[in-house]
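These protein sequences, in sequence, are chains P, R and F.
Using the numbering used here, you'd call the opening residue of the first sequence number 14 and step up by one each time.
Using the numbering used here, you'd call the opening residue of the second sequence number 14 and step up by one each time.
Using the numbering used here, you'd call the opening residue of the third sequence number 14 and step up by one each time.
Misleading hints may appear alongside valid ones.
Just so you know, same-sequence chains aren't split out, so a pair can sit in one copy or run between any two.
Said to hold, decoys possible - Quick list of in silico lysine to any residue cross-link-like pairs, SDA-like style, CA-CA up to 20 Å: (1) Lys-41 to Val-89; (2) Lys-97 to Asp-81; (3) Lys-73 to Arg-94; (4) Lys-82 to Asn-92; (5) Lys-41 to Gly-122; (6) Lys-151 to Arg-21; (7) Lys-120 to Tyr-71; (8) Lys-41 to Phe-146; (9) Lys-120 to Ser-47.
None of these hints come from the bench; they were simulated from the model.
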Amino acid sequence: MLSFKMLRTLTIKTNKKQEIIDITEKVKSIVSESRIKEGFCIIFTPHSTAGIIINENYDKNLCYDILDKLEEFIPVYENYRHNKIDNNAHAHIKASLIGPTKTAIIKNGQLLLGTWQGIALAEFDGPRVRNIFIKIIKEKIE
Amino acid sequence: MLSFKMLRTLTIKTNKKQEIIDITEKVKSIVSESRIKEGFCIIFTPHSTAGIIINENYDKNLCYDILDKLEEFIPVYENYRHNKIDNNAHAHIKASLIGPTKTAIIKNGQLLLGTWQGIALAEFDGPRVRNIFIKIIKEKIE
Amino acid sequence: MLSFKMLRTLTIKTNKKQEIIDITEKVKSIVSESRIKEGFCIIFTPHSTAGIIINENYDKNLCYDILDKLEEFIPVYENYRHNKIDNNAHAHIKASLIGPTKTAIIKNGQLLLGTWQGIALAEFDGPRVRNIFIKIIKEKIE
Numbered sequence: 014m015l016s017f018k019m020l021r022t023l024t025i026k027t028n029k030k031q032e033i034i035d036i037t038e039k040v041k042s043i044v045s046e047s048r049i050k051e052g053f054c055i056i057f058t059p060h061s062t063a064g065i066i067i068n069e070n071y072d073k074n075l076c077y078d079i080l081d082k083l084e085e086f087i088p089v090y091e092n093y094r095h096n097k098i099d100n101n102a103h104a105h106i107k108a109s110l111i112g113p114t115k116t117a118i119i120k121n122g123q124l125l126l127g128t129w130q131g132i133a134l135a136e137f138d139g140p141r142v143r144n145i146f147i148k149i150i151k152e153k154i155e
Numbered sequence: 014m015l016s017f018k019m020l021r022t023l024t025i026k027t028n029k030k031q032e033i034i035d036i037t038e039k040v041k042s043i044v045s046e047s048r049i050k051e052g053f054c055i056i057f058t059p060h061s062t063a064g065i066i067i068n069e070n071y072d073k074n075l076c077y078d079i080l081d082k083l084e085e086f087i088p089v090y091e092n093y094r095h096n097k098i099d100n101n102a103h104a105h106i107k108a109s110l111i112g113p114t115k116t117a118i119i120k121n122g123q124l125l126l127g128t129w130q131g132i133a134l135a136e137f138d139g140p141r142v143r144n145i146f147i148k149i150i151k152e153k154i155e
Numbered sequence: 014m015l016s017f018k019m020l021r022t023l024t025i026k027t028n029k030k031q032e033i034i035d036i037t038e039k040v041k042s043i044v045s046e047s048r049i050k051e052g053f054c055i056i057f058t059p060h061s062t063a064g065i066i067i068n069e070n071y072d073k074n075l076c077y078d079i080l081d082k083l084e085e086f087i088p089v090y091e092n093y094r095h096n097k098i099d100n101n102a103h104a105h106i107k108a109s110l111i112g113p114t115k116t117a118i119i120k121n122g123q124l125l126l127g128t129w130q131g132i133a134l135a136e137f138d139g140p141r142v143r144n145i146f147i148k149i150i151k152e153k154i155e
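One chain only, chain P, in its complex shape:
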C-alpha cells in the first residue's frame, strides 16, 4: 500500500450560501478502495468558512434545523468587525464551532458509523468549490 493511496481529495460544488451536504457514500467509497481493514480516517476540510459534521443524514429537514439555529444566533448580517474586510464573519464563527475536522474508526474494512450517522460538509459561505481531504490510516497489527 503506497502512501499516495491513503490521502484522497473530495471536491464538492456547493449550490447555496448555507448548506449541509452529505458526503457519507463518497467517504465510504474511498475507505473501500483503500482495502484497509482496521484503522481510522481523518476527514479535514481546508476552508475557514466550512466545517465537517457527523450527524443524521436521513431527514434533510434536520439539516435546515441545524442551519436555522446557527443563523438565529450568528446571523449573516450583523455588525461584525471582520466584515470591513470580508462579508463572511458569520461563516467563520459557525465554522469555528462546528470545526473543520473529524476522525472516524474503520473496522472490518468499513466506516464504523451508527445507523443514523452520516458525514457532511457544512457550507456557510457558498456557493463555492470545496475540498475535503480524506486521510486513511492503517492500523499496524503486530
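Chain P is already provided as a structure; the job is to place chains R and F on it using the hints.
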C-alpha cells in the same frame, strides 16, 4: 497485540433525558489493559443525539451549567422541521455542536489529560443505552 | 525516530482574560523538526477553560468577533451553579463547545492547512500559562 484488543465498546445506560456522564475511569481502564505505552485513543459514539465532551468532571454542577446553557438556546420544545418525524431535533443540533468524537494522547501508558480534564458522554435524548467505541492506536517506534 | 521526539509541549503565556492566540508557526516548526513526511498531528490542550480552534488567523478582528459572539450567549457574569466553586463556568462552557483537541494532516513534510487556515489557542479564563501538546504520528508506508 492483536487488532481486536485495540477496539473496545463501552456500553452506558443513561438515566435522564439530558445528562453528562463521566467515563474517564472506564477509558483509563481500557488504555491500561491495552498495555500500550505511546500512542493515542479515539473516543467515538455512534449516535446522532449524543456527543463526547472533554472538560472538567469534578464539579457536577458544571455539567448542569453546560446542559442549561445549551437548552437555553436550543430548547427541547420549539418548532423544528425535523420534529414532524421525531421529537428530538434539539438533541441532533446539540450533538452536532459537541461532536461525536474526540482524540486523546497516550503517554507512558496513560491518557495525557489535564488535572481537571475528564471524558464524558453527553446524552441529549435519553434515557437510552449508548455505545462508545474506544480505539487505541499504538505508535510505531523506529 | 524515537518516541520522545514525537511529542512536544508548547507553552504559551496568555495576556488577557479571553483571547485567541495564533500558534500556527510554532506547530509548523515542530512538524518540520520531526522530519516526518507523511502522517498527522494531534493538537491537544490539557485545560478545561481553553480550546483549540482551526480557522482564519490573518484578520485579528475575526478573533474578537468569535470571542464577542461566544460572550454574547455565554457571558462571564451570570448565575451559573459552578460559580459557587470557581468564577469561570462561562469558560468551561465555551471550552466544551470549541473542544480541546484537533487533528491535522501532514503531507510532504508540511501541515496540510488551507490558505486561510491557522491553528489557535482559545483562552477563556486567562491570563495564564497554558500548555499545548503536539503529538506527531508518522504514517507507516508499506
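Each hint, compared with the structure:
{"no.": "1", "hint": "Lys-41 to Val-89", "in the structure": "neither (33 Å within a copy, 33 Å between copies)"}
{"no.": "2", "hint": "Lys-97 to Asp-81", "in the structure": "between (25 Å within a copy, 16 Å between copies)"}
{"no.": "3", "hint": "Lys-73 to Arg-94", "in the structure": "between (33 Å within a copy, 9 Å between copies)"}
{"no.": "4", "hint": "Lys-82 to Asn-92", "in the structure": "both (19 Å within a copy, 11 Å between copies)"}
{"no.": "5", "hint": "Lys-41 to Gly-122", "in the structure": "within (10 Å within a copy, 27 Å between copies)"}
{"no.": "6", "hint": "Lys-151 to Arg-21", "in the structure": "both (14 Å within a copy, 17 Å between copies)"}
{"no.": "7", "hint": "Lys-120 to Tyr-71", "in the structure": "neither (23 Å within a copy, 34 Å between copies)"}
{"no.": "8", "hint": "Lys-41 to Phe-146", "in the structure": "both (13 Å within a copy, 19 Å between copies)"}
{"no.": "9", "hint": "Lys-120 to Ser-47", "in the structure": "both (13 Å within a copy, 18 Å between copies)"}
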